[in-house]
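Protein chains in written order, with the numbering used here: chain A, 1 to 63; chain B, 1 to 434.
Simulated from the structure, these hints should not be mistaken for lab results.
One or more of the hints may lead you astray.
Computed, partial: chain A to chain B, Cβ under 10 Å [stated by the list, open to error]: (1) N31; (2) L35; (3) V38; (4) I44; (5) L55; (6) A56; (7) L57; (8) A62.
Every residue, glycine too, gets a C-beta built ideally from N, C-alpha and C.
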Amino acid sequence: MPLLSIAGHHSDVSDPTLLQWIVEKFTDVVNVAPLVVVIIIAIIVVAMPVAILTLALRARRAS
Amino acid sequence: MATTPDAIAKKPVFYGWYVVAAAFFMAFMVVGSRQSIGLFMDVWAEEFDVSIAVISAAISIGFVVNGLAHPIMGKLTDKFGGRKVMAISMLGLGLTTGLLALVPNVYLLMGVYGFLMSFAMAGVLFTPITSVASRWFRKKRGTAMGLLAAGGSAGGMLLVPFLAYIMLLTDWRVTLGVVAAVMSLLAFPVLALVVRNDPKELGLQPDGETDADGGAARQAALRGGPLANDNCWQCSFRSAPMWQMMLSYVVCGITTGVIGVHFVPFAVNGGIDKGTAALAFGLLSGVNLVGVAVAGALSDRMRRKDVLAAVYFIRAVAFVCLAFLPTSMGLWLFAGIAGISWLATVPLTSSLVSEVYGVKNVGILAGVLTMVHQFGGAGAVFIAGVIFTATGSYTPIFIASIALLVGAGFLSLTVRERAYSSRFQPAFTAPKTA
């Protein structure tokens, strides 16, 4: 199925092997337990929208 | 008289920047989670007992659906406003991601990812936000568009390891459940509560100008571009700038598509290991995060078409490195140079379109441009695959890319921005009235 195999390389979605490699490198660099990484990034992911929402609503109220 | 330091300190942040921040988070979530789909491919293939090609087919269907959905979302944006389209699409994306976490077989996976999620994604990036950002910003439009596009790069860098680790600790269904929860419970409220379609809704003017300095009159004059035809968006295709921007944007799609897909195989083919190739591609993404923001900001100080042309020429130089230098050196130089240009065409092209054709129909026009960009990329990926299969070399593909990029650069330079962009009209350049 040459057509599908070509389509299968599509750019929109990253190559699984590539992603696996990135994760391994990330683990080497940060050198902490996966749970710690998840917690740290989760805090960032939650803090970002909460901060945006809080500041924006405060700015609206102030004006 | 100069403004005192106290007055500067007390000056509130223009609300448009909160809109940009909300869009940054939206781009962060959507681009990051979309790129992460690659993490699930092997697991899906194993769980549903199908080949990777079948999973790839679902993703390819999604690509086509997403491309076709952009003009539809653009039209909806022009009719109902970007805020509604983005908020509802984000909620839809969250719910369908939750649904994806529950699919029991590959057919439902195709339906949910290939159709529902891919359709909803078009309502989030970048078509509707182009319309919203164009209304909030005139002078700093490029900066605003560049910053929100950089959210996508940041998402790709941070969300991929995040989801990979969650998958490591749990399974793919829980991981998708987390994405669904963040989209529905965090990104959706942010879009619904923070984004406003137009500064007028809050009694503001674009860029934070005030009525007292003549802003209202100036901004009203600038809502329409010199070639705007509010009742006929199709009429835009009867003028040269639309074709100049569209054709060059197709080249952007072609060249990013080719590299996104064939970069690692090219490196491996040249004797470079996959890890090094991935690291080089990571460098490209990192440089891109800065490049897109800088290009947007620069275009607010210069003619956008000049920055756009420079972006295409820079990318052409990067392809020269790839085509003619030894693989290892070419790879690293390409990553460093091309990274500057990678997403930079998005803020530049969309800003230029809104300034030439006005903000009334910018949604549908941005949607059509995104669609041709997507299809250009998909076609190029296919053709590049066929050429490589026939010749066993990527060099002809890279040489063709150089020629196309140089052409796109010159095409961008031929846009008569001074004549057709609202930025260069007397209403914009005239001194403020007291």
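Hint-by-hint comparison with the structure:
About 13 Å separates the beta-carbon of N31/A from the nearest beta-carbon of chain B, more than 10 Å, and the hint is not met. With 10 Å as the threshold, the beta carbon of L35/A comes within range of chain B, its nearest partner Cβ sitting at about 6 Å, so the hint holds. Against a cut-off of 10 Å between C-beta atoms, the interface hint on V38/A holds, since the closest Cβ of chain B lies about 5 Å away. Checking I44/A against chain B: minimum C-beta separation of about 7 Å stays under 10 Å; hint holds.
Evaluation of the L55/A hint against chain B yields a held restraint, the C-beta minimum of about 7 Å falling below 10 Å. Annotation: A56/A was flagged as interfacial toward chain B, and the flag holds, the nearest CB pair being 4 Å apart, inside 10 Å. A hinted interface residue such as L57/A counts as satisfied when its beta carbon comes closer than 10 Å to some beta carbon of chain B; here the least separation is about 7 Å, so the hint holds. The restraint placing A62/A at the interface with chain B holds, with a minimum CB-CB distance near 7 Å, inside the 10 Å limit.
Hint 1 from the earlier list is the only one contradicted by this structure; the remaining hints agree with it.
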